[in-house]
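From just these sequences and the hints, can you work out the full model?
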Amino acid sequence: MPQSRPLLLPRLMAALLLLFGLGLAGGGAWLVLLGGSWFYLLAGLVLLACGVLLWRGQDAALVIFALLLVGTLGWAIWEVGMDWWALAPRGGMLVVLALLLLTPWITRPLGTSPLRGGGAALSLAVLAALVTAPLAMLRDPHDIAGALPGPRLAIAPNAATNAATDAVPDGEWHAYGRTGFGQRFSPLDQITPANVARLEVAWQYRTGDMRGQPGEPTETTFQVTPLKIDNRLYLCTPHQAVIALDATTGAEIWRYRPAILGELALQHLTCRGLGWLPATEAAAAPPTPLNQARVAAARAAVPGLPIAAVGAATVECGARLFMPTADGRVIALDTETGAVCSNFGDGTGQINLWANMPNARPGGYYSTSPPVVANGVLVIGGTVLDNVSTNEQSGVIRGYDARSGALLWNWDSGAPETTAPIAPEAFYTANSPNAWSILSVDAALGLVYVPLGNQPPDQFGGNRSANVERFSSAVVALDLTDGSLRWAFQTVHHDLWDYDVPSQPTLIDLTVDGQTVPALVQPSKQGDLYVLDRRTGEAILPIREVAVPQGAAPGDTTAPTQPVSALTFNPPMLRGRDMWGATLFDQLACRIQLRRLRYEGRYTPPSLEGSIVHPGNFGVFNWGGIAVDPERQIAFTTPSYLAFVSRLIPREDNTTLHVQGDSPPPGSLPPLNENFGAPYAVELYPFLSPIGLPCQQPPWGYVAGADLTTGRIAWQHRNGTVRDSSPLPLPFKLGVPDLGGPIMTRGGVAFMSGTLDNYVRGYDVTTGAQLWESRLPAGGQATPMTYTGADGRQYLLVIAGGHGSLGTTAGDHVIAYALPGG
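Position one of the sequence shown corresponds to residue 362 (this note's numbering), numbered consecutively onward.
If you are wondering where the hints come from, they were derived from the structure by calculation, not from laboratory data.
Predicted, not measured: the structure shown is a model, and the values here were computed from it.
Note that the Cβ used here is the ideal one computed from N, Cα and C, for glycine as well.
Careful: at least some of the hints might be erroneous.
Here are the computed distance ranges between Cβ atoms for each label pair [unchecked claim]: (1) 876 to 674: 48 to 56 Å; (2) 1052 to 618: 41 to 49 Å; (3) 466 to 559: 50 to 58 Å; (4) 1168 to 641: 43 to 51 Å.
Take a look at the structure:
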């Protein structure tokens, strides 16, 4: 009895060890039965033995715990090498327990100390772990050090490239990717690796448009890349305002806020940018009176659809901007005043995208991305609701006269050979692959390049037609004049993973075997960069068909092979040793999930039990795309890696909510992932541990440089911190995903702001080294741009507004940076 009180604290500690041991042993036994690692079971049994010995007051408990700690250290290094962020969750909890065991409140009742007996053994084990930690911190086994080619071509490769780039003054930005080529490359060189660290805020502007308004979807995002024309910036906001700013001072010049139809069935609410027609190409547009028949037809298609020219200031436009709206229109605005163009759309000032559209559901279809404008033609696609039903709108691509708004052609993947304007009473093919991302155009070749998604539902393809199978998740080249198909390249066969083509095709001329080849680089969600001849769609860098896992859900099939590019950022297959967590327990839970879910590598088909999708449908690359330097023929990329889980749920009928359950979306917002009309609903969620951390170990995001002529990845570095993603604002550089693309400059500096922490960063293009960063007031999930102000300074422009679905900080900030001085 006299010894019971001194042993009170050791016994409390023993109870903790017994509890931890039971958890590890029980979970470990489950993992062993599933065919996984034996470590957790053995570690749990050792902890149980330590707990029993400690309860009895025996010094041997510390010796056994020392052996466990040393064994764990050896096992961890054997599994993951000297990778600190992979080692820490394996040994961190045990080191903390060891330090508690070495306190006087434990060692004294046991008749030992940290310097003798079992305490000395445990002290040596802790010392080994503490010595290993800094050694591991000094290494980054995921880093690829290297350099991209430095020499620039003496001249631009060919006349087509000259025409595309010379039409845009060096200090301006005329399209989403600066030109129709989508390169996101600026010829400005005032900012260099030597001086980029001196960048400072030159001015800030607040739009006043914040997310959190009634009726908006969760994914309300400020993703715009502004245009810079003369000394003005033009941008659009998530809630559809269009704003003109003085590019040198940030002062507002005008603002246009259209009337937007209420009660919209929106999945996304954003505006990535505006289209532009210069005055030199608009001169032939005649004035047109308001066509009442056109107004009546628009209102019949969608009751209450606003008419831009009704009740708004109007003017006969020369140069004009094109604004896609969330209720399915494209409005033409005068660049000088922001007034609606009366000489467009038969006087309505708009294009009605609901014309001839099946399954009219306001908000279910609109263009989140800007139209492309070239050779007097405006080309636009649109997004449809993902995984709501099998009766969505058409993914038709349409070409309009950019001066008058008249329909010139329509390319409907359901009827790809018929491109003449559709009859007034006819409808386009419902539920066909759509183009929600950004298009590119080569005016000299007369081709527009369209990245396509797949037919809803994304995870079931048992009822797809031959044309859907041909064009889903493909990039197609269409003739600007008549919309006819020139070629198509499919990045995924029979897509069951939502691996739609997410990024703007990037056009660049490459020198291959001494010859100049007009190329197209297409980033993909699965991590491949397909490098194609943009005249024919034929591969420039090799593409091979690789066998993939088989065995689709009942009623579906799988493609036997998938195309893999020689230039790929496809991650290696996940293994048990890649599972992560804050402690051994959530890491163990992730290993159990990995074994219980279906997973056979990339392209594992969706299943009833649940399948791991890696890369996830968030994508290695998404709408932000890549930046290329056409003179060095290199790419600056930002690959991201987050695994998802996809689980099919058999549908009982066409009304039951299987995914939304008792919490249907409010108001007019759509019930996502229910797949009404399909045999399965689908659950989609990130592959996370029980405490909400990614199950796969970091890094989750990089910057990487590639040589486009050889397909060689020259360097790759983890990028971004968890400062804004963790409960505590810790600036650990784990490497986080991004959403929003990079830009490059002739000065040799690249910029990007899309990481999940609130920073904009500058990088040395040659080596990828980070040279500069600036804290943003909100998430920067947009692609930056750069231009020259009236004062002769090069400005870097960043949008900081956040992303609703990612949960980054909301804002309404437009921020311009420049070097000091006037």
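Now the hints, each set against the structure:
1. 876 to 674: 48 to 56 Å: holds (54 Å)
2. 1052 to 618: 41 to 49 Å: Given range 41 to 49 Å: holds, Cβ gap about 43 Å.
3. 466 to 559: 50 to 58 Å: Once the Cβ atoms are compared, 55 Å apart, the range 50 to 58 Å for residue 559 and residue 466 holds.
4. 1168 to 641: 43 to 51 Å: With Cβ atoms ~45 Å apart, the hint holds.
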